[in-house]
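Use the sequences and the hints to build the structure in full.
Number of protein chains: 2
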Amino acid sequence: MKNRIITISREFGSGGRTVGKQVAKKLGIACYDQELIEKIAEKSGLSEDFVREKSEYTPYGNWFANAFADRDVRGMTIQDHIWTMQRQMILELAEKESCVIVGRCADYILRDEADLLTVFIHASMQQRAQRIVRVYGEREDSPEKRLKDKDKRRRAYYQFYTDMEWGDVRNYQVALDSGILGIDTCVKIIADLY
Amino acid sequence: MKNRIITISREFGSGGRTVGKQVAKKLGIACYDQELIEKIAEKSGLSEDFVREKSEYTPYGNWFANAFADRDVRGMTIQDHIWTMQRQMILELAEKESCVIVGRCADYILRDEADLLTVFIHASMQQRAQRIVRVYGEREDSPEKRLKDKDKRRRAYYQFYTDMEWGDVRNYQVALDSGILGIDTCVKIIADLY
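Just so you know, the sequences run in chain order A and B. Note that the first sequence covers residues 1 to 194 in the working numbering. Note that the second sequence covers residues 1001 to 1194 in the working numbering.
The reader is advised that the hints may include incorrect statements.
Stated by the list, open to error - A short, non-exhaustive set of chain B residues, derived as facing chain A with CB atoms under 10 angstroms:
| id | residue |
| --- | --- |
| 1 | GLU1011 |
| 2 | THR1118 |
| 3 | VAL1169 |
| 4 | ASP1177 |
| 5 | GLY1179 |
| 6 | ILE1189 |
Keep in mind that the hints were calculated from the coordinates and are not lab data. C-beta: ideal position from N, C-alpha, C; glycine also.
Pasting the structure below:
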């Protein structure tokens, strides 16, 4: 029987990662997010920061940038290699155990491979801006600018590798506004559904 | 204090209306859908079928059609008049009582007027096709064609009167796939949130 996997896609600053962790804790299963980055970094010899950046974001907010990136003899960019490693790890995880996977196009990668509960967590710009300042602190750029940039690059990454639209409600079984409903309510709904 | 209103937007054939009715029954509040059509028909002297069609769908699938429609001395089409009546009725309902309102851009109309729980119900094309044949029977056109046509005209109507995108996950607090989760689960989640 296929393992039951919860995939959580999320807007930057919506608290989707926190939701994922708390759902996993409540259900007594593992939550993969940072762990995937660490594993890829270990396997590839690349730094964790580099992998984090390359494993969910396009470099300049659109896939055209990819056309100008360095390629190896097979025509693959470093980002393509990270995608391949990431995809393989996610498939292995799904084979091994029931778990929560945050981001990384896991919903797409596992669409035919696991018994999925696909979730999208979002919140208004204002509530996300407050959250990222609280969690990550002030930066030179305004929180709104940081959010727009992150969303744009994450959407472009998703679209490039999956050819599907990120954040299109039709791709998710459940989509929740964490800003209005609150993190705890989101956790409860997802854990109950599982 | 503002009344608590559940607005349910839905793809045609997703069972969103059934979800709305069952949520209302469970919570012991009213559900408005057919009732709104009846009231507008009564007030305007137009037939219910005509109102049903004109109160959620653009005539030819895009708002350009509106440019060529018959207009009165104030430049309003019959559809504009129905929109105005519908809007007024929805505002009056929200003033009067807590309730469920299905479709009719109620989420947009009440965005600053009530304590809202905004819901979007959707399902895959395949599951909706099965449902409309079961509920409404076979027609000359294929169920897929009927669904695409309805979705397209409903989206165009919503966009024309609200200037927002119908089915964009960011506009709803909760979006659920009724095809995978099932009607009963959708009802439970929404009633619990209320």
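Right, here's what the structure says about each hint:
no., hint, result
1, GLU1011, "holds (8 angstroms)"
2, THR1118, "holds (8 angstroms)"
3, VAL1169, "holds (4 angstroms)"
4, ASP1177, "holds (4 angstroms)"
5, GLY1179, "holds (9 angstroms)"
6, ILE1189, "holds (6 angstroms)"
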